[in-house]
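Undergrad: When you read off a place in the sequence shown, starting at 1, and then add 20, the result is the number in my numbering.
Keep in mind that the hints were calculated from the coordinates and are not lab data.
For every residue, glycine included, the Cβ atom is placed at its ideal position computed from N, Cα and C.
Hints should not be assumed to be uniformly reliable.
[As the list claims (entries may be wrong)] Derived pair list, reagent style SDA-like, types lysine to any residue, alpha-carbon separation capped at 25 Å:
#1 K332 x D262
#2 K40 x Q325
#3 K233 x L119
#4 K157 x D90
#5 K40 x Q72
#6 K233 x Q329
#7 K296 x M112
#8 K189 x S141
#9 K233 x Y313
#10 K289 x S114
#11 K233 x L248
#12 K289 x F345
#13 K308 x L139
#14 K332 x S343
#15 K308 x P321
#16 K332 x D90
#17 K233 x P267
#18 K233 x Q256
#19 K308 x L229
#20 K308 x R131
#21 K233 x Y170
#22 K189 x Q214
#23 K40 x A347
#24 K296 x S114
#25 K40 x P55
[As the list claims (entries may be wrong)] Estimated spans, in silico, between C-beta atoms of each pair:
#26 F322 x E149: 34 to 40 Å
#27 A120 x G275: 31 to 37 Å
#28 P53 x P126: 23 to 29 Å
#29 Y306 x G209: 23 to 29 Å
#30 E149 x G275: 42 to 48 Å
#31 D90 x A130: 39 to 45 Å
#32 N93 x L210: 41 to 47 Å
#33 T69 x D26: 43 to 49 Å
#34 G142 x N86: 47 to 53 Å
#35 P223 x I29: 50 to 56 Å
#36 T252 x Y170: 16 to 22 Å
#37 T276 x G142: 41 to 47 Å
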Amino acid sequence: MAKETDTRITARRIARETVKSIFEQNLFGAANPAPRGTLRGIDVLGTPTVTQKISRALQVFAAARNEVPDLTNPSTFFEKLTVSKFFAPVPMPSPADKLATGRFIPETAARHIRPVPGLWSGQSPITPEVLLQADLKPGRYFAKSNCGSYTNMQFTLPTTREVLEELEKRSTQWLSHEHGVRAGVWWYGLIRPQNLIEADLSPSVNSDLPDWKLYCGGGRVLAVQLDLDRHTNHRQLIFDRDFNFVPEVMFFPTGTPVRRPSGYRTIVKVVEDVAKPFEFARIDLYLKPGVLYLGEITLAPFGGQRVPQSEKLDRMMGDAWRSDFFA
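Please model the complete structure; the sequences and the hints are all you need to start from.
TA: So this is what it looks like as structure tokens:
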């Protein structure tokens, strides 16, 4: 317990010194106003809260790497993500709103990518009456919150009373839940909470849709993450921008590499067009024949609270992340 207390005290001190140095040297444009049409974490949360959140990030990194990150001269992916989370301008309205991802698809990409089709959305819990009004056909669906992670529930229609009760209970909680406060992912707090229903895009009842996540820093793909069989035999494969397999672990166990998807160069071009306005964005995709579906724009995976398990991967992605913001 004493060691944990000492670690927290040290992290708080280093966090205060780090934030002070960032402002005194005007690193990352911290002392300048945010560009028109954008907000930054430092503007929304304020210096004391940002300092506290950075203290938490220092502890997370130290626990994983047994060293203190350098946020005044960041080089790893985790270090750069932490800095961008609080000091990089983010276009507004909040891009984390699942119901508003379409507004961030530029004309150059609109021919190839579209938002996941929504079947219903509203500011009420998902009750049996809502399902009746939505006039959904028999099949599999996802209920989700528009402003959070892990706020989703798969269900099948027709269904049981127990499932309907659980769906109403969860969707009621989603509307009042303040997502990401502890992690400091401030952009969720700017979104009006709503619930939504989407069709399940999986190819069959007994399979999970491959989940593609492209990490972009400075508008360029840093790494490609592919999650397979998430609910049965989860593997998380990592590739570089050229789709060379990287046998390293991001957050979950890796597996056997897969072939490069058809039209991969177009996928990269489209994703980088979507990511261009952001210092960092993970573009979450579903690939279907002839079309890409934009599931979500994620500004800090796991709230920026998890360090990639592989130190080599953390450094590889940090090296690939080059931009004027970190010049």
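Undergrad: Would you list, in rising numerical order, the hints stated earlier that this structure does not obey?
TA: Failing hints, ascending: 4, 32, 33.
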